[in-house]
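K.L.:
Can you build the whole structure from these sequences, using the hints too?
Protein sequence lines correspond, in order, to chains A and B. Those letters in the first sequence? Residues 1 to 137, by this note's numbering. Those letters in the second sequence? Residues 1001 to 1424, by this note's numbering.
Think of the hints as simulated: they come from the structure by calculation, not from any bench. Treat the hints with caution; some may be incorrect.
Label pairs and their calculated CB-CB ranges [unchecked claim]:
| id | chain 1 | residue 1 | chain 2 | residue 2 | range |
| --- | --- | --- | --- | --- | --- |
| 1 | B | H1068 | A | D37 | 47 to 53 Å |
| 2 | B | Q1401 | A | D101 | 57 to 63 Å |
| 3 | A | E40 | B | I1391 | 35 to 41 Å |
| 4 | A | E91 | B | E1371 | 48 to 54 Å |
| 5 | B | L1199 | A | L88 | 57 to 63 Å |
| 6 | A | S35 | B | I1391 | 36 to 42 Å |
| 7 | B | T1315 | A | T77 | 57 to 63 Å |
| 8 | B | L1311 | A | S75 | 49 to 55 Å |
| 9 | B | Q1282 | A | T77 | 39 to 45 Å |
| 10 | A | D9 | B | L1261 | 43 to 49 Å |
Taking lysine-lysine and the DSS-like style, the derived pairs with C-alpha atoms no more than 30 Å apart in a straight line are [as the list claims (entries may be wrong)]:
| id | chain 1 | residue 1 | chain 2 | residue 2 |
| --- | --- | --- | --- | --- |
| 11 | B | K1255 | B | K1387 |
| 12 | A | K44 | A | K34 |
| 13 | A | K82 | B | K1422 |
| 14 | B | K1126 | B | K1053 |
| 15 | A | K44 | B | K1126 |
| 16 | B | K1048 | B | K1160 |
| 17 | B | K1255 | B | K1278 |
| 18 | A | K82 | B | K1409 |
| 19 | B | K1398 | B | K1387 |
| 20 | B | K1053 | B | K1255 |
| 21 | B | K1409 | A | K44 |
| 22 | B | K1157 | B | K1116 |
| 23 | B | K1409 | B | K1156 |
| 24 | B | K1387 | B | K1343 |
| 25 | A | K44 | B | K1422 |
| 26 | A | K44 | B | K1380 |
| 27 | A | K34 | B | K1380 |
| 28 | B | K1398 | B | K1312 |
| 29 | B | K1380 | B | K1328 |
| 30 | B | K1245 | B | K1278 |
| 31 | A | K82 | B | K1126 |
| 32 | B | K1387 | B | K1278 |
| 33 | B | K1422 | B | K1409 |
| 34 | B | K1278 | B | K1343 |
Okay, the calculated bits of chain B under chain A, using three or more residues with CB under 8 Å as the criterion [said to hold, decoys possible]:
| id | segment |
| --- | --- |
| 35 | 1092-1098 |
| 36 | 1128-1135 |
| 37 | 1415-1423 |
Glycine is no exception: its CB is placed at the ideal position from the N, C-alpha and C atoms.
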Amino acid sequence: MFIPAVDRDAVPVDLYICKVVAGFPSPADDYVEKSLDLNELLIKRPAATFFVRVEGNSMLGAGIHPDDILVVDRSLTPDAGKIVVCALNGELTVKRLAREDQQWRLVAANPDYPDIAIHEGLETIIWGVVTASIHLI
Amino acid sequence: MHPLIALVDCNAFYVSCECLFRPDLWNKPVGVLSNNDGCFIARNNALKALGVKMGTPLFQVADLVKQHHVHLFSANFPLYADLSSRIMSLLETYTPSAEIYSIDEAFLDLTGICEKDPISYGISIKQAIQQNIGIPVCVGIGPTKTLAKLANFAAKKWPKTNGVVDLSCPERRERLMRRLPVNEVWGIGTRLSQQLAQLGITTVWALAQQPAQRMQAQFGVVLARTVMELNGISCLELAEIAPDKQEILCSRSFKRPLDNLTELSEALAEFCSRAAEKLRAQASTADRLSVFIRTNPFNPKEPQYQRSATLKLATGTQDTRRLINAAKQLLQGIYKEGYRYQKCGIQLSGIHPNSMPDQADIFANPKPSNERQLMACLDKINHRFPKSVSIAATGLNKSWQFQPERMSKRYTTRWNELAIVKCS
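P.N.:
Given below as C-alpha cells:
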C-alpha cells in the first residue's frame, strides 16, 4: 500500500517580507509563516466534505442555529456523542447520536423533541458527521 | 507481477447524484432527462423495472410517468461534475495510475497492489465511495481493460456478485464468456455483432477462440486487439492524460422555432462562445469553422430546409470574437427566409496546440497582440462569476434558449443552493 502525497493548492510564501536594498534585513524573515486558511481548519477530507443549511431550532442546545451552514464529513465514523446528519422519514435531519443499553438512539438538543430509537443498520440512516457549524453574524 | 486492471463504474450515475440529498427518493422510480428535457439519459433500477429504456423520449411514456409517480429531473451537470471529481480524486488514492474514462468511469492500474485478494480490494473501493460520497458503484477486475469492462458488466448484471467481479481466473472467465452474447464486449456494436453472427460467432467465448490474425484480416486491427485482450493479453494502455479534442461541436435545439436571422445569429454566437471556452481550456486554436441550421425533420407538415457551410480561417484562433464573426458570415450565406428553424450549431476543427507558432497572414492586418490576454481575462471572470460576462452578439434575453423546468439545486457548487437539513 502506498500513500500519495497530499496535493493542496500551492501557497506562495514570501522569502523575505521586504526587499533588502541596503541596511539590515527584517528580523522577522526567519519566522514568516503562511496565512491562516479556513479550508485547512474546516475541511480534512475535501472529497467527503459537504455543506448543508440548517432549518429549525431543535439543536440550539448544541450551538446550531437556524440558517447556519454545517460542515458534514462523511468519512468519519459515527460514534456516540457525535452530531450527525441522518435520513429520517425521507428528510435529512440533524441529531446527536447516543448509545444506551446496546441501542443506538437519535437525540435532539431540545427536550421537547422525543428520542428516536434506531432499528436498522446505522449506515442506512447516518448521512454524515457534523464537524462544524458556521454561524454568520 | 501479473497485470491487473479495474474498471470502476457508477450505477445510474446521474440519478444517484440526484438522490444523494433526497432520501425521500431512495426507493422510488427516478429518471434524468436530456438537455431539452426530451429523453431519458439516466434511470434507476426502479424506473428500468417499469420498462423505460435509455433514450426513451419523455412524451412516449408520459402516462407511465404519471401513473407510477416517476420523479423527473432536468440534467444538473454542475452537480454531476462536482460529485464525479470527488469520486475520481478518491479513486486516485487506490492506485498510482488511473485513467478517467468518462464522467462516471475510471480504469485503475492495480498491478502489484492487491495480488493476494483483488476482490477484497474491489470491495473496499466500492465501500469507500459509498460511505464517503454516497454513490453506488460496481468494480470489474481483470488482466486487461476489455476484461475489466466485461467483469464490470457482470458485476452490474448479477447482484449476487455484490458488485465486484474478478476475471483473473481463466475458468471463471470461460464460464462467463460462454454465457454472454458477443455484443456485450467493449467496442462491439450491433453491426459488428451481426457480421460476426454470420460467421457463427455469437458468444464472447466463440470470439475469444478466433485467431487474432484472422480477425485482423477480416475486420481490422481493433477487433484483433479485442480478441487478444479477451484472452488476457493486454494491448490497450491506461491513458493518464486525455488527448486534446480534435473537433469541438456545440449545438442545441431551440425551445421554440426561430424564423429570423437575428435570433439565429445570437444562438450561433452563444455556441461559438461555449466552443471557444473549451478550445481555450485545452490550450488549442482552431482554423476551421462549420455552421449548420435546420428545420424540424420530425414535423413533416413544415417546409424542410437544412444547410451547412465551412470556412477556413487564415490563421488559427481561440478568440470568441473572430469565431462569432466567421459564424455570422457563414450564416448569411446559408440562411433562407420563410423557414422555422429548430436547431443550429457550430463545429470547430483544424485544432492545433497553442504552442505552435502562428502562421502570419501577409494579407491581413497585424493581429492585435492583446487577443489572448482579453480571452484569458474573460475566462477568469466567468470562472469566478459564472456566465457573467459574454459577447454582446449572444443577445441579452436569449428567449430561444431552453429553460430546464425540473433542475435540482446545485447542492455542492452554490452557497445559496445548499441542501436543507431539518432541526425539528
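K.L.:
Decide, hint by hint, whether the structure agrees.
P.N.:
Evaluated hints:
1. Between B/H1068 and A/D37 the beta carbons are some 49 Å apart, a value that agrees with the proposed interval 47 to 53 Å.
2. Distance hint check for B/Q1401 and A/D101: the Cβ-Cβ separation is about 60 Å, which falls inside the suggested range of 57 to 63 Å.
3. Here the CB-CB span from A/E40 to B/I1391 is close to 39 Å, well matched to the stated 35 to 41 Å.
4. Between A/E91 and B/E1371 the beta carbons are some 52 Å apart, a value that agrees with the proposed interval 48 to 54 Å.
5. As the Cβ distance of B/L1199 to A/L88 is approximately 58 Å, the hint placing it in 57 to 63 Å holds.
6. In this structure the hint that A/S35 and B/I1391 lie 36 to 42 Å apart at CB holds, the actual value being about 37 Å.
7. With their beta carbons about 59 Å apart, B/T1315 and A/T77 fall inside the hinted range of 57 to 63 Å.
8. Separated by about 52 Å at the C-beta atoms, B/L1311 and A/S75 satisfy the suggested range of 49 to 55 Å.
9. In this structure, B/Q1282 and A/T77 meet the distance hint of 39 to 45 Å, their C-beta atoms being roughly 41 Å apart.
10. At about 46 Å, the beta-carbon gap between A/D9 and B/L1261 stays in the expected band of 43 to 49 Å.
11. Of the supplied pair hints, the one linking B/K1255 and B/K1387 holds, its CA atoms being roughly 20 Å apart against a limit of 30 Å.
12. Distance check on the hinted pair: A/K44 and A/K34 sit about 18 Å apart at the alpha-carbon level, within 30 Å; holds.
13. With a CA separation close to 17 Å, the supplied pair A/K82 and B/K1422 stays within the 30 Å bound.
14. Of the supplied pair hints, the one linking B/K1126 and B/K1053 holds, its CA atoms being roughly 26 Å apart against a limit of 30 Å.
15. Proposed proximity of A/K44 and B/K1126 is supported: the alpha carbons are some 21 Å apart, at most 30 Å.
16. A distance of roughly 19 Å separates the Cα atoms of B/K1048 and B/K1160; the hinted pair therefore holds under the 30 Å criterion.
17. For the proposed pair B/K1255 and B/K1278, the alpha carbon gap of about 24 Å is at most 30 Å, so the pair holds.
18. Between A/K82 and B/K1409 the alpha-carbon distance is near 28 Å, which keeps this suggested pair within the 30 Å criterion.
19. Restraint check: the Cα-Cα separation between B/K1398 and B/K1387 comes to about 13 Å, which is no more than 30 Å; the hinted pair holds.
20. For a cut-off of 30 Å, the pair hint linking B/K1053 to B/K1255 stands: about 24 Å separates their Cα positions.
21. The straight-line distance between the Cα atoms of B/K1409 and A/K44 is roughly 25 Å, inside the 30 Å bound, and the hint therefore holds.
22. Proposed proximity of B/K1157 and B/K1116 is supported: the alpha carbons are some 26 Å apart, at most 30 Å.
23. Restraint check: the Cα-Cα separation between B/K1409 and B/K1156 comes to about 29 Å, which is no more than 30 Å; the hinted pair holds.
24. Proposed proximity of B/K1387 and B/K1343 is supported: the alpha carbons are some 22 Å apart, at most 30 Å.
25. At roughly 24 Å between alpha-carbon atoms, A/K44 and B/K1422 fall within 30 Å of each other, so this suggested pair holds.
26. Only pairs whose Cα atoms come within 30 Å are accepted, and A/K44 paired with B/K1380 is accepted, the gap being roughly 28 Å.
27. Note on A/K34 and B/K1380: the hinted pairing holds, with a Cα-Cα distance of about 25 Å set against a maximum of 30 Å.
28. Proposed proximity of B/K1398 and B/K1312 is supported: the alpha carbons are some 28 Å apart, at most 30 Å.
29. Distance check on the hinted pair: B/K1380 and B/K1328 sit about 26 Å apart at the alpha-carbon level, within 30 Å; holds.
30. Pair hint B/K1245 plus B/K1278 holds up; C-alpha atoms about 9 Å apart against a cutoff of 30 Å.
31. Restraint check for A/K82 and B/K1126: satisfied, since their Cα atoms lie roughly 25 Å apart, inside the 30 Å limit.
32. Taken as a hint, the B/K1387 and B/K1278 pair is honoured in the structure, with Cα atoms around 14 Å apart against an allowance of 30 Å.
33. The suggested pairing of B/K1422 with B/K1409 holds, with an alpha-carbon distance near 17 Å, which does not exceed 30 Å.
34. Simply put, B/K1278 and B/K1343 have alpha-carbon atoms about 21 Å apart, close enough for the 30 Å limit, and the pair holds.
35. Remark: the segment 1092-1098 of chain B is confirmed as covered by chain A, as 3 of its residues place a Cβ nearer than 8 Å to a Cβ of that chain, reaching the required three.
36. Beta-carbon proximity to chain A at under 8 Å applies to 4 residues in the segment 1128-1135 of chain B; the threshold of 3 is reached and the given coverage holds.
37. Check result for the segment 1415-1423 of chain B against chain A: holds, 7 residues qualifying (beta carbon to beta carbon below 8 Å, three or more required).
Violated hints are absent here; each numbered hint is respected by the structure.
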